Amino acid sequence: MNPIELRRVSKHFRLPHEKRTTLFSVVGGLLLGKHQSFEDFWALRDISFAVEEGEVLGVVGRNGSGKSTLLRIIGNIYQPTSGTVSVRGRIIPFIELGVGFQEELSGRENVYLYGSILGLPKRTIDVKYNEIVEFAELTDFMDLPLKDYSSGMNMRLAFATATIAEPDVLLIDEVLAVGDAEFQKKCLDKMEDFRRRSRAIVFVSHDAAQVGKLCSSALLLSHGKAHALGEPSEVLKEYESLLKNEEAQHAGK
Amino acid sequence: MFSLRTYWNYRELIWNLAAADLKNRYKNSALGFLWSFMSPLLMSLVLIFVFMQVFKFTIDNYPLYIISGIIPWRFFGYTANTMHSVKLYSSLIRKIYFPRQVLVFSACLSALISTSIEFVLLLLISIVLGGNITAWILLVPVFLAAQFFLVLGISYVIAALFVFYRDLQHIWEVFLQVAFYAAPIIYPATLITQSSPYYLVLLANPMSHFIITYRHLFMYGDAPALGSIIGIAAFTVFAYVAGLLVFKKFEPRFAEEV
Chain A
1 MNPIELRRVS KHFRLPHEKR TTLFSVVGGL LLGKHQSFED FWALRDISFA
51 VEEGEVLGVV GRNGSGKSTL LRIIGNIYQP TSGTVSVRGR IIPFIELGVG
101 FQEELSGREN VYLYGSILGL PKRTIDVKYN EIVEFAELTD FMDLPLKDYS
151 SGMNMRLAFA TATIAEPDVL LIDEVLAVGD AEFQKKCLDK MEDFRRRSRA
201 IVFVSHDAAQ VGKLCSSALL LSHGKAHALG EPSEVLKEYE SLLKNEEAQH
251 AGK
Chain B
254 MFSLRTYWNY RELIWNLAAA DLKNRYKNSA LGFLWSFMSP LLMSLVLIFV
304 FMQVFKFTID NYPLYIISGI IPWRFFGYTA NTMHSVKLYS SLIRKIYFPR
354 QVLVFSACLS ALISTSIEFV LLLLISIVLG GNITAWILLV PVFLAAQFFL
404 VLGISYVIAA LFVFYRDLQH IWEVFLQVAF YAAPIIYPAT LITQSSPYYL
454 VLLANPMSHF IITYRHLFMY GDAPALGSII GIAAFTVFAY VAGLLVFKKF
504 EPRFAEEV
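Those protein sequences? They're chains A and B, same order as listed. Position one of the first sequence corresponds to residue 1 (this note's numbering), numbered consecutively onward. Position one of the second sequence corresponds to residue 254 (this note's numbering), numbered consecutively onward.
Note that these hints are calculated values from the structure, not bench results. In this text, all values refer to a predicted model and were calculated from it rather than measured experimentally. Any given hint could turn out to be false.
[As the list claims (entries may be wrong)] Derived lysine to any residue pairs resembling SDA-like cross-links, with alpha carbons at most 25 Å apart:
(1) B/Lys-340 <-> A/Leu-188
(2) B/Lys-276 <-> A/Lys-19
(3) A/Lys-19 <-> B/Ser-256
(4) B/Lys-280 <-> A/Gln-102
[Claimed, not checked] Okay, the calculated beta carbon distance ranges per label pair:
(5) B/Leu-295 <-> A/Gly-33: 35 to 41 Å
(6) B/Phe-308 <-> A/Pro-145: 44 to 50 Å
(7) A/Glu-52 <-> B/Ile-483: 19 to 25 Å
Backbone N, C-alpha and C fix where the C-beta goes; we use that ideal spot for every residue, glycine too.
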């Protein structure tokens, strides 16, 4: 079995024109006999692919093409409207780094909190704690509350904690742009490390160069559909011509 | 079965979230806890004054009667906080998967910890005010555990609905007020006789059974009534099972709604 397999996955959102967020308006709407009108929106249509053992799949596409929705479906955050998703093993999504960080808690407490959100047992965090602190370059700041951190320190702590995660399947949504140039280099090294340790990675990006460098195959999404799938170089060429086409259309208008 | 395994598997996350909740609530200090304990104490004092001086209530040891009603009530009152547990962590829900019950469970756990400390203070107050403390006090943890699952079940329902309906907050506040007066907290349960139309209201309020029972343990030092125990068991099982079912029905839609 492949670590990730999607078969004919579609995701439909029903977006109300006027969102009813209170019981008051719902009851009112029922009493007055007003029907709510909806916009139908297919974020993904009929997507099928498999990511094999050891593969890194890059997903490219413009804003709103369905990349993030796809990542959330693989990560079991959204349920698909139709089709089946199967993922083997522990999934760790890095859709945003430092989710669940709390301002009032100290750096140390946040490491443990974030670690447990990523599914790490306390014992593992205990063992790796010094490594995390050193990697984040925050040795003297771990007892300060997070609200006293700069945003750079915050991101470094988040990334350092995330690196000790033990994923089988890793999902990454453009989180590589963290910190200064030197820290970035450390991050890229860690990514290599992840590639060796995990069974499959799905990597979402606007950045064609990054996908070309890191991925063993690529998927191009356009308006929720799979436009191209295969060799990164081929898919990136498609992506380029797609962008050019759309630009030309805009210019023609 | 009944999600017990889920709680066990996610115990470290549950504990970390509950600890964070407590630290936020009490701002990391014992003084913070004492401040939070001032509000039920002051409220009790006002009620004691009003009903002893103005209305001339003649219940035995009325100060202890009030306080041993108000402190157990507070656990139920924490549902005004646990209601926010899912919504509060919306950024987490949109970005990573874990069973969402964990959020509600940890919020209720932090309420349980607060209540446990408050119960220790209640025990001290009872001793000072001349309550009859006997071996029956040892049953308190059993009823506290039952109350925890009742509060958890209710929290599952309101935390799930609050994701979709923001005005539930105000509706729930009013509901809590009504439930407060529909339990024998400031007046004696015997005031409402079986022939009274309000007798059913009293019986239908799960908190009545808990408060009457806690008074036996914290004040009178005798056996709780069998009727209360049956009421507690029935309400707790129903609230927990129904709450869990409602929550699981809404859970898949949380990530899209919050």
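Taking the hints in turn, this is what the structure says about them:
A threshold of 25 Å between alpha carbons decides the hint, and for B/Lys-340 with A/Leu-188 the separation of about 35 Å lies outside it, so the pair is violated. Distance check on the hinted pair: B/Lys-276 and A/Lys-19 sit about 35 Å apart at the alpha-carbon level, beyond 25 Å; violated. For the hint pairing A/Lys-19 with B/Ser-256, the CA-to-CA distance comes to about 33 Å; that exceeds 25 Å, so the pair is violated. Annotation: proposed proximity of B/Lys-280 to A/Gln-102 holds, straight-line Cα distance about 13 Å (limit 25 Å).
Separated by about 49 Å at the C-beta atoms, B/Leu-295 and A/Gly-33 break the suggested range of 35 to 41 Å. Distance hint check for B/Phe-308 and A/Pro-145: the Cβ-Cβ separation is about 48 Å, which falls inside the suggested range of 44 to 50 Å. Roughly 59 Å separates the CB atoms of A/Glu-52 and B/Ile-483, a value that falls outside the hinted 19 to 25 Å.
Figure legend: structure checked against the earlier numbered hints; hints not met, in rising order: 1, 2, 3, 5 and 7.
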